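Enquirer: Now for the letters of each chain:
2 protein chains.
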Amino acid sequence: METLSLARFKALSLDEVRVLETIFWSAGGSRYSLADRLGYSKSKSNALMAGLVEQGLLAESGLQDSSGGRRAGTLQLHGGLGVFVGVDIGAASLAVALFHPDLALLAQHAEPIDVRKGPGVILARVRAVIRKLIAQCGFSARDVLGIGIGVPGPVDFGTGQLVNPPLMPGWDGFSLREDLREDYSAPVFVDNDVNLLALGELWRLRRSLQNFLVIKVGTGIGCGIVCHGEVYRGAAGSAGDVGHICVDQAGPRCHCGNVGCVEAMAAGPAITRMAIEAAQDGASPALADCLRVSGTITVQDVGQASRSGDAAANGILQRAGSLTGQMLASVVNFFNPSHIFIGGRIAHIGPLFLAAVRQSVYQRSLALSTRHLEIHYAPLGMQGGMVGAGVLAVQETLKVKGVAP
Amino acid sequence: METLSLARFKALSLDEVRVLETIFWSAGGSRYSLADRLGYSKSKSNALMAGLVEQGLLAESGLQDSSGGRRAGTLQLHGGLGVFVGVDIGAASLAVALFHPDLALLAQHAEPIDVRKGPGVILARVRAVIRKLIAQCGFSARDVLGIGIGVPGPVDFGTGQLVNPPLMPGWDGFSLREDLREDYSAPVFVDNDVNLLALGELWRLRRSLQNFLVIKVGTGIGCGIVCHGEVYRGAAGSAGDVGHICVDQAGPRCHCGNVGCVEAMAAGPAITRMAIEAAQDGASPALADCLRVSGTITVQDVGQASRSGDAAANGILQRAGSLTGQMLASVVNFFNPSHIFIGGRIAHIGPLFLAAVRQSVYQRSLALSTRHLEIHYAPLGMQGGMVGAGVLAVQETLKVKGVAP
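Which chain is which? The protein sequence lines are U and F, in order. Taking our numbering, the leading residue of the first sequence gets 181, the next gets one more, and so forth. Taking our numbering, the leading residue of the second sequence gets 181, the next gets one more, and so forth.
The set of hints was computed from the structure by calculation and includes no laboratory data. Fair warning: there could be bad hints in the mix.
One copy or any two copies: either way a pair holds, since identical chains are not told apart in the list.
Pairs of lysine to any residue residues, derived as SDA-like cross-links and limited to a Cα-Cα distance of at most 20 angstroms, are as follows [claimed, not checked]:
| no. | residue 1 | residue 2 |
| --- | --- | --- |
| 1 | K224 | F337 |
| 2 | K190 | R322 |
| 3 | K579 | H408 |
| 4 | K579 | G219 |
| 5 | K222 | P346 |
| 6 | K297 | D359 |
Fair warning: this is a prediction, and the values are worked out from it, not measured in the lab.
The shape of chain U in the complex, shown without the other chains (with noise of 0.2 angstroms):
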């Protein structure tokens, strides 16, 4: 399929790139929907879209009944403008896609990475696998229209460099953006993966939901915000950083200097130590035969000793869900959100653990800010960071062409 350059990509009207954005978040709005969202006059965004659709930009996708009975077709973003790549960087996997403009999958490759191996070494593999991803779906590097990255991290969103990132080492400072440049002349856009998770649900929603949290569980716990239908990165782009809330004055001491930040009280590490206690003093023959088998234990072997019923597991991750939730009960009565998302590893270790997380948030946050509060698992599941990366890639890449022409 011959796709539009990036050169051709430039030479599109503003008004262009605002109706291709505005059709990337909506969910099948008609024709006439959009003319209306766009606050433009139906002549103008009919000439607009018809103009798009001959250019092979956007395309009709099947026919849905409007309100009058007539029909009118629904319009999403065509291949014809190019294929985006979604990049997600965890702190021991890689997950890389290919992304046709209306996100859906062209290809994709998960492998373990251990991010600790430094950039030079983790970004040989991701650019070994996006030209792996491009040639097996019959593109050249010139097809790619941007690329959306998610580390776990944080960074400075307008440089596109991560900062002190403590799950990092050897990374400070360092910019996936240029390194990237050598081989596309596509814009590379990075992000904290929280960011993404919850980039991906806003996008996963279309907007409908204005205000909400993604929390991630896994080596430590960090938190994507949705604020007034965008997503939030603080001033500093530090916003979300929930892992050193204190939730025990006279807690363990964490890395980070402080005592009873809940990242080191209830994310991955802590579970696994709580485990290694429990088989050690006799608390759990269960956890005891895994120790001794496998020589440790993983927060996986938890998740299947409580699923098996046994005493110590259940009680490790009902204190976890409950620490977590504790955190979460003060950022309730802060922010007031509609729905809290909870994804990450740990999020699926047992029924026990969101459990306990939701006890803990309607007993210490106050009636009016729980009354409608929904907490569920994150809809998109460990699909969410890669998903996060593909919207991110798409929607600053027409961003900065709205903002620089």
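Start from chain U and add chain F according to the hints.
Expert: Just chain F now, kept in the frame of chain U:
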């Protein structure tokens, strides 16, 4: 002065109202920068502005040098638009102001009240004071174009009704809007007092800061939130209810049912309780004198004792500031604001309070979140609530017009 009637205001075009709104939020913007800000062509915006000047709704306000050396007149809202009323109902005080449309103060009145006397008694005073101020300035009820009211409790912003306000027994479900409809045909807007502190500072700053907090420490502790340049009220309108964030799992029981809420340990009543204890157990001769002479101790007394060097009073202020800062540290980790402004009676109790707040926040929050964080007294001080009510009146009156022509 002849003012625009509400009927004539309603006949303004949406474009005209957008010009008025933009000028209200601009600090002496020139005609040229306004055209840019409105996104209109220079000819369209000039025609709109000329029309509004002709109708007596906009006025030139002096001349400023533009960058090109050419002198471009700046515009502001003209008194011909009418007057706006701001009402600040506190737990123990009532302040009412009559504002020019550019928020210049025309007249004001303040008196002590006890809000617990209920809506009948308090609203009778509110109505009498508004009537007095209007007459005093030579206006009549039909010159009032909008009314903004702040109350010390949760408000359903859509309906203007109070929702279970803990400090306002007897007010649950009461609608100030309905009550004032008998006297005025102008729209009435009601909001929580801390949201109005935030709105007032946002207007004072002409939106030059986009993400900040205003904390009010008085009988309770509340927080107004500005996010993406707009006041954020939360999914159910209860955002900023930080008084019930837990700062001590072993703390005293709060009236909300939970233990260790910062409000129960650091707000006005906690400060006076600690002071009475210090007076009774001999820790503070100064506070003991005060208790003997006047039979009680106020927060002002504690501030006075602290300023004169009383060690026990100093300890009380440091403890209250430190606990308030501990709560704010959680909020800073989550929200990463650029500024925190501290207001309310307690804020000005003495320099030790602010110093302890700062120390606690900088110690407990992550470095990235506090690198550029500034913590100051709220610049509008005790006028903040009244100014915020005035901003609410102007902004929402223009917005209502914009939404429902």
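Enquirer: Take the hints in turn and mark each one as holding or not.
Expert: Results of checking the hints against the structure:
Taking the shortest alpha-carbon separations for K224 and F337, neither the intra-copy value of 35 angstroms nor the inter-copy value of 37 angstroms comes in at or below 20 angstroms. In this assembly of identical chains, K190 and R322 lie within 20 angstroms of each other by CA distance solely inside one copy; the values are 14 angstroms within and 55 angstroms between copies. Taking the shortest Cα distances, K579 and H408 sit within 20 angstroms of each other both inside one copy (18 angstroms) and across copies (17 angstroms). In this assembly of identical chains, the alpha carbons of K579 and G219 lie at most 20 angstroms apart whether taken from the same copy (18 angstroms) or from different copies (17 angstroms).
Taking the shortest alpha-carbon separations for K222 and P346, neither the intra-copy value of 52 angstroms nor the inter-copy value of 51 angstroms comes in at or below 20 angstroms. Taking identical chains as interchangeable, the C-alpha atoms of K297 and D359 lie at most 20 angstroms apart only when both belong to the same chain, with a minimum of 16 angstroms there against 68 angstroms between chains.
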